[in-house]
Each structure stands twice: as structure tokens, then as C-alpha cells.
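*Asks:* Read off the chains here:
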Amino acid sequence: MTLEPLKADARYTLVAEGGLRMASSTDRAALAGRQWMALQRALDDDSASYTATLRACAPIAAELKPQLRTVLQYHCGSPMLRTRQLMIDLQAL
Amino acid sequence: MAAAKRIADEPAFVLHSYDWSESSLILEVFCRRQGRVALVAKGAKKPTSNFRPVLLPLQPLLLTYTLAGDGTADIHTLKGAEWVGGHVMPTGDALLSGLYLNELLLRLLARADAHAALFDAYAGVVRVLASEHGDALEPVLRSFELLLLREIGLLPSLDV
Numbered sequence: 001m002t003l004e005p006l007k008a009d010a011r012y013t014l015v016a017e018g019g020l021r022m023a024s025s026t027d028r029a030a031l032a033g034r035q036w037m038a039l040q041r042a043l044d045d046d047s048a049s050y051t052a053t054l055r056a057c058a059p060i061a062a063e064l065k066p067q068l069r070t071v072l073q074y075h076c077g078s079p080m081l082r083t084r085q086l087m088i089d090l091q092a093l
Numbered sequence: 094m095a096a097a098k099r100i101a102d103e104p105a106f107v108l109h110s111y112d113w114s115e116s117s118l119i120l121e122v123f124c125r126r127q128g129r130v131a132l133v134a135k136g137a138k139k140p141t142s143n144f145r146p147v148l149l150p151l152q153p154l155l156l157t158y159t160l161a162g163d164g165t166a167d168i169h170t171l172k173g174a175e176w177v178g179g180h181v182m183p184t185g186d187a188l189l190s191g192l193y194l195n196e197l198l199l200r201l202l203a204r205a206d207a208h209a210a211l212f213d214a215y216a217g218v219v220r221v222l223a224s225e226h227g228d229a230l231e232p233v234l235r236s237f238e239l240l241l242l243r244e245i246g247l248l249p250s251l252d253v
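Line by line, the protein sequences give chains A and B. Using the working numbering, the letters of the first sequence map in sequence onto residues 1 to 93. Using the working numbering, the letters of the second sequence map in sequence onto residues 94 to 253.
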């Protein structure tokens with residue numbers, strides 16, 4: 001958010017429209033600057049963006065999930081995605 | 094009268110279908126060169142329809158359709174659908190994940206906005222979903238979410 005380069009060892013969390021900001025203790029999930037930078041490099045790989053991104057996602061999938069979900073939900077607007085509601089209902093059975 | 098313009102053998106996936114009248118369906122499809130398009134499949138609910146066994150979600154298809162109103166209309170008419178094949182229908186968690194991806198595409202992609210690279214990534218993800226590699230599911234879904242956000246310009250830069 002500050003447009004300063006990431007510090008490799010600091011932890012950052014993704015915010016819709018804003019970008020990355022320093023993680024605080026209240027954030028559900030965050031990743032190290034090094035991991036975000038690796039992800040950006042994979043996305044920039046024009047020749048094999050999909051496989052490169054896949055490889056970069058593999059070790060950090062669990063931490064990415066809540067952060068991407070927040071961003072996607074923000075852009076999808078309300079109501080909640082039907083498939084997500086379905087999953088919650090199934091787990092509640 | 095000039096013949097209606099035809100889009101032939103377009104690689105596509107069905108994202109969603111709605112009932113329309115007694116015997117027809119309205120489909121939301123994701124085409125490789127045309128983007129997200131709405132099509133009416135006339136007679137697709139009749140037992141004798143050739144469309145009936147083919148128009149399934151998460152299956153690679155080749156679609157042929159004619160453009161209504163010189164391409165300015167919102168819904169076009171499906172003329173032919175062919176199953177490309179290659180994998181089975183995902184089941185269990187993978188099926189639910191596939192439907193989740195379809196819902197994301199339905200909500201986030203604008204009509205007639207082509208994203209060929211995203212289409213290829215989607216086809217790859219669906220192949221993984223159908224291959225029952227349960228452990229690969231999470232990274233595959235996350236990378237598709239990232240690529241989707243990036244393609245439609247909603248992913249902030251991840252290095253500043």
C-alpha cells in the first residue's frame with residue numbers, strides 16, 4: 001500500500017484494491033514478503049504462467065485461501081457465493 | 094436477407110444452465126475466443142435431443158452458434174454441440190470445486206470479453222479436478238483464483 005519494496009522477512013496480508021499491507025496480529029492469514037515476491041514472479045512468467053503459479057502456490061495454498069477469498073468476495077459483492085453457502089450448509093449437517 | 098453470422102467449432106465450457114420454456118435451456122458458456130456468452134439451446138430438454146447428453150458443465154465442448162441481431166443481441170442460438178472428451182466428470186469435492194469456479198466466472202467475467210489464456214488455465218484446472226488428485230486440489234484452485242483476478246485486472250501488485 002505504501003509502494004515501498006517488500007521486506008523479504010516481514011509478513012504482509014492482501015487487501016482488495018489496496019494491495020499488500022503489513023500484517024497485524026488480528027489478521028487471519030499473512031505471508032512473508034519473500035513468498036509474495038515469488039508469487040508475483042510466477043504470475044509474470046509469460047511463457048508458462050499457469051504452471052509457474054501452480055508451483056508457487058503449492059507450499060502456501062493454506063495461507064492464501066482466506067486472503068484470496070476475502071478479495072474475491074469483495075469483488076463478487078453480496079450475496080455470498082452459492083457454492084460457498086452450500087459447503088457451509090453441508091458441514092453443518 | 095443476409096445469412097446470420099455463425100461462430101463455428103468454438104472451444105467452450107458450460108458454466109450454468111437455466112430452464113427456459115417446456116423444452117429449451119438457456120446456457121451460460123465460457124468460450125475461448127468469444128468469452129462468456131449466453132445461448133439458447135432449443136429443444137435441449139426433449140428426450141430425443143442430441144444436445145441433451147452433451148451440454149454438461151465441466152466438460153470440454155465444441156459449440157457452433159449463430160449470432161442473433163448481427164451480434165448485438167445478448168442471447169444467441171446454439172446450432173451444434175460436440176463433446177471433445179478427454180476426461181470424466183469430476184465427483185465429490187472436486188465437483189463442488191468445479192461448480193465454485195463456474196460461479197466465480199459467472200459473477201466476475203463480463204459478457205463477450207475474451208480471455209483465451211484464462212480459458213486454457215480453466216481447461217487445465219478442470220482436467221486436474223477430473224483426475225482425482227485430491228491433494229493437488231488446493232494449489233490448483235488458488236492459482237486459478239490468482240490468474241482470474243490478474244486477467245480481469247483486480248489483482249494488486251504483489252511486490253510493493
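Read the hints as simulated data drawn from the structure, not as lab findings. Do not rely on the hints blindly, as some may be mistaken.
Claimed, not checked - Some residues of chain A that are not near chain B, with every Cβ distance over 10 Å (derived):
no., residue
1, A16
2, T53
3, L68
What the hints assert, rightly or not - Simulated restraints on C-beta separations:
no., chain 1, residue 1, chain 2, residue 2, range
4, B, G136, A, H75, 32 to 38 Å
5, B, G246, A, T51, 33 to 39 Å
6, B, G178, A, L3, 30 to 36 Å
7, B, G173, A, D9, 16 to 22 Å
8, B, L201, A, T2, 23 to 29 Å
9, B, W113, A, Y74, 30 to 36 Å
Glycine residues also receive a C-beta, built at the ideal position from the N, C-alpha and C atoms.
*Asks:* Against each hint, give a clear statement of whether it holds in the structure.
*Replies:* Do the hints match the structure? See the list:
1. A16: Non-interface label on A16(A) violated, nearest chain B Cβ at 8 Å vs cutoff 10 Å.
2. T53: Not fine: 4 Å to the nearest Cβ puts T53(A) too close to chain B.
3. L68: At about 5 Å from chain B, L68(A) fails to clear the 10 Å cut-off, so the statement is violated.
4. G136(B) to H75(A): 32 to 38 Å: 37 Å, holds
5. G246(B) to T51(A): 33 to 39 Å: With Cβ atoms ~22 Å apart, the hint is violated.
6. G178(B) to L3(A): 30 to 36 Å: 49 Å, violated
7. G173(B) to D9(A): 16 to 22 Å: The hint (16 to 22 Å, Cβ to Cβ) is violated, given that G173(B) and D9(A) are roughly 57 Å apart.
8. L201(B) to T2(A): 23 to 29 Å: 28 Å, holds
9. W113(B) to Y74(A): 30 to 36 Å: Given about 32 Å between the Cβ atoms, the range holds.
Checked against the numbered hints above, the structure breaks hints 1, 2, 3, 5, 6, 7 and satisfies the rest.
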